[in-house]
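Trainee: Build the full structure now, drawing on both the sequences and the hints.
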Amino acid sequence: MNMKLKKKRFLGVLSMVICLSLLGNIPAYAAGKTVEAFKNNTYEGTSDCKKFVNGIKQQVPSYKSTLKQKTGISLKSFKGKTKAIKYWASHGSSTGRLWGSASGVDFNIHDIANFKWSGKNLEFVFLAACYQLSGDKNRGKYANAMIGNKAVRVICGYHEKAPGAGTNKDGAVVDNFMSYAKTGESVKSSWILANKKYGNNNYLVLTHKGNVQYSRFEGFPGNTYSRPGAGSTTILRFSSAKPNGVTQPRNLSANLKLGGETDGIDIAIPNYAIKATDVDVSVKGDMDVTVLSDDGGTTTLNGEVKDQGVEITADEAEDKSAEWINQAFEGVNFTDFNNGNLELREIVAAEVDLDGNSQNEVEETVAYDVTYEYTFDGIPVKGDFYSAIVDDTGVVSSMVNHNEYEIIPSQRTVQLSLEDALKALENEVKGSGGLRISTFAAEDAVMPEALDVNVAFCDSDNDGIFEPSYIFDLTDGSSYQVNSMTGECLSND
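When we follow my numbering, the leftmost residue of the sequence shown carries the number 76, and every step to the right adds one.
For the record, the hints were derived by calculation from the structure and aren't laboratory data.
Any given hint could be a false lead.
[Unchecked claim] Straight line, CA to CA, 30 Å or less: simulated DSS-like cross-link-like pairs of lysine-lysine:
hint	residue 1	residue 2
1	457	236
2	143	195
3	212	154
[To be verified] Between beta-carbon pairs, the in silico distance windows are:
hint	residue 1	residue 2	range
4	340	505	19 to 27 Å
5	210	117	22 to 30 Å
6	432	552	22 to 30 Å
7	294	363	23 to 31 Å
8	194	535	42 to 50 Å
9	187	435	17 to 25 Å
10	336	284	47 to 55 Å
11	335	370	35 to 43 Å
Nothing here was measured: the structure is a model prediction, and the numbers come from that model.
For each residue, glycine too, the CB sits at the ideal point set by N, CA and C.
Mentor: Set out below in structure tokens:
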């Protein structure tokens, strides 16, 4: 990955450190340069766990590491707290079950007596598993595990489905995370931005209240702050939410059965592909921001999400994001996106109810996440977007990935119909193991249905050619794309 990094000026930060030192409140480092990672699932290529360990050691070679993949993993590995950083990758459920399709590990966190991660060296935990930070039971269990003398600073994970296993899936999230963390972003902020860049809004971060929420790994740029002690018992959660829980418009009036009839429903889909031509997008030289540029686009960093509620409205956040792209970037401006699809989400914070009663958790909007999806002839182009995170101070981070496109006429006389696409999707879901994973046992498997279907141009093999595809959202929370020209079916998770 070709990455360019422009460092932000840190004069203000230096002044703050001097002031804190004079007051006697000197930030402390984390407890040792140690990291462990456990990969419980099958995978191809380089696993997310190996990428995570390698990313840390590339930044700070003196880290001591433990990496176990498929074998040698047990409940003891999960409960252990002798290393400063733990990365755990497995399947997960909303009931607290964790299991590995390759390692044979299978347990439930609610069966662990006196479950505590505090008390020793463990400070940062990453749960690359579905649903572990969800709802009434799981989140409270993990929040309590953080609290105590020598507390865990941060837990990063997901409250719904996590990205799938693969170099370009959960591995891509790790790549993104390391890129941000190496600029001086906190662990919390790096996890939010890494998932946002990947396209997963199911992230959730647990952290203690106070400056510790901005902690970094030892040896990485930026302050680490003092480690919480037994007196720190307020745990905050940060996540993404649709405004007021508004249900998005659907193209289907009723769910469709995979492999079944379409009941006369048809979806218009173009009979041509589009070819991308790179656009030279850069950040203007007078912008005092940190800049990251790689194959996934250009990012600006100018602060991070805090735990204070915002006073600006969603409309004001939208206006600020539109102003920012013209102010900060060259080679692209807001007119490229103002006819595209707009998604406006809230980033919310709440104090976790330690008794597991999530209905008592009062969410407060701490920032707005404004994303514009580029459209070609009214059809979204997957991966072409502009987004900004906005709070009362303005735009704290932004990302742009944009190209120009030309039409490539199709040589095919017949395209895949919606009915044929549903059959291809049925075969993929049956053969992928997804049914067994989501229901724990093949005999209990229930085939999900298509909750919604849309059309987008997708470049599934990264050759710069975007072909029209059906995008299916299923009732089990998963998402798939079916290429209307080739019939190839791929998971979007």
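Trainee: Does each hint fit the structure? Answer for all of them.
Mentor: Evaluation of the provided hints:
1. Taken as a hint, the residue 457 and residue 236 pair is honoured in the structure, with Cα atoms around 20 Å apart against an allowance of 30 Å.
2. Between residue 143 and residue 195 the CA atoms are separated by roughly 21 Å; this keeps the pair inside 30 Å, and the hint holds.
3. About 18 Å separates the Cα atoms of residue 212 and residue 154, which keeps this hinted pair within 30 Å; it holds.
4. Range check, residue 340 to residue 505: about 22 Å between beta-carbon atoms, so the 19 to 27 Å window is met.
5. Distance hint check: the CB atoms of residue 210 and residue 117 are about 28 Å apart, consistent with the given range 22 to 30 Å.
6. The beta-carbon spacing between residue 432 and residue 552, approximately 24 Å, falls within the hinted interval of 22 to 30 Å.
7. Checked against the given bound of 23 to 31 Å, the beta carbons of residue 294 and residue 363, roughly 26 Å apart, stay inside it.
8. Between residue 194 and residue 535 the beta carbons are some 47 Å apart, a value that agrees with the proposed interval 42 to 50 Å.
9. Take residue 187 and residue 435: their Cβ atoms lie about 24 Å apart, and the range 17 to 25 Å holds.
10. For residue 336 and residue 284, the Cβ-Cβ distance of about 54 Å falls inside the hinted range of 47 to 55 Å, so the restraint holds.
11. At about 39 Å, the CB distance of residue 335 to residue 370 agrees with the hint of 35 to 43 Å.
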